[in-house]
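Protein chains in written order, with this note's numbering: chain C, 1 to 110; chain A, 1 to 113.
Just so you know, these hints were derived from the structure itself, not from any lab.
Keep in mind that the hints are not guaranteed to be accurate.
To be verified - Derived, one-sided and incomplete: chain C residues facing chain A with beta-carbon distance under 8 Å:
id, residue
1, K69
2, F72
3, G94
4, M98
5, F100
6, G103
Unchecked claim - A few chain C positions that, by computed beta-carbon distances, are all more than 12 Å from chain A:
id, residue
7, P8
8, N22
9, T65
10, T85
Just so it is clear, the structure is predicted and the values come from calculations on it, not from any experiment.
Glycine residues also receive a C-beta, built at the ideal position from the N, C-alpha and C atoms.
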Amino acid sequence: EDQVTQSPEALRLQEGESSSLNCSYTVSGLRGLFWYRQDPGKGPEFLFTLYSAGEEKEKERLKATLTKKESFLHITAPKPEDSATYLCAVQARGNNDMRFGAGTRLTVKP
Amino acid sequence: GAGVSQSPSNKVTEKGKDVELRCDPISGHTALYWYRQSLGQGLEFLIYFQGNSAPDKSGLPSDRFSAERTGGSVSTLTIQRTQQEDSAVYLCASSLALEGEQFFGPGTRLTVL
């Protein structure tokens, strides 16, 4: 069965303190791995899609990387507005659904 | 442009009542998904529609849950004889195709008393 595990559950950083969020997955044939950001009371907002091991994508202070077993979301010099829950999801070949992790709740203090 | 919209934003109902939740996907998006997000939990897939194909209902938790999509656009998720464990945020998402990022609506927060 496809599984997605995110760690840590919660992360508190000082503004400017870089760190990484982890997404470990098991899937029978990866179609894509997705990162989303979710603010309280809102639906998830798409950040990145990664399709194959070795792929990297960047957007502002965020950089996502992918291996055959896990993905990292690196946050460089975060700001308070980066505070949110970050969700990872995988989609397997032949499946219609996406399997989501429970998320990492990030708090960046000024 | 207009994103995915959902209504109502909040719904409080009594145990045993039926509820209908509505989703308006982004125009032109052929794929539509329903998810459920319970407090502190990840998103749980419920059902998927792609064009005119038969929906993938593999995620529906019981036969009290059903969904339809009329004219390949608007979708309605119906929960019959609601139970307290149905309380959650119900999220709808749409995408251009099966492969590709999903765009989410703001969700409907359902509370069953």
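Against the structure, the hints come out as follows:
1. Restraint check, K69 of chain C versus chain A: the minimum CB separation of about 19 Å is more than 8 Å; hint violated.
2. Checking F72 of chain C against chain A: minimum C-beta separation of about 18 Å lies over 8 Å; hint violated.
3. Proximity of G94 of chain C to chain A is violated relative to the hint, the smallest CB-CB distance being about 10 Å (cut-off 8 Å).
4. A cut of 8 Å between beta carbons decides the hint on M98 of chain C: the least distance to chain A is about 7 Å, and the hint holds.
5. The interface hint given for F100 of chain C is met, as the beta carbon of that residue sits about 4 Å from the closest beta carbon of chain A, less than 8 Å.
6. For the restraint placing G103 of chain C at the interface with chain A, the shortest Cβ-Cβ distance is roughly 6 Å, inside the 8 Å limit, so the hint holds.
7. Listed as outside the interface, P8 of chain C is consistent with that label: its C-beta sits roughly 14 Å from the nearest C-beta of chain A, beyond the 12 Å cut-off.
8. Listed as outside the interface, N22 of chain C is consistent with that label: its C-beta sits roughly 15 Å from the nearest C-beta of chain A, beyond the 12 Å cut-off.
9. The claim that T65 of chain C lies off the interface holds: its Cβ sits roughly 18 Å from the closest Cβ of chain A, which is beyond the 12 Å cut-off.
10. Distance check on T85 of chain C: its Cβ comes as close as 10 Å (rounded) to a Cβ of chain A, failing to clear the 12 Å threshold; non-interface status is violated.
Against the hints set out earlier in the document, violations occur for numbers 1, 2, 3 and 10.
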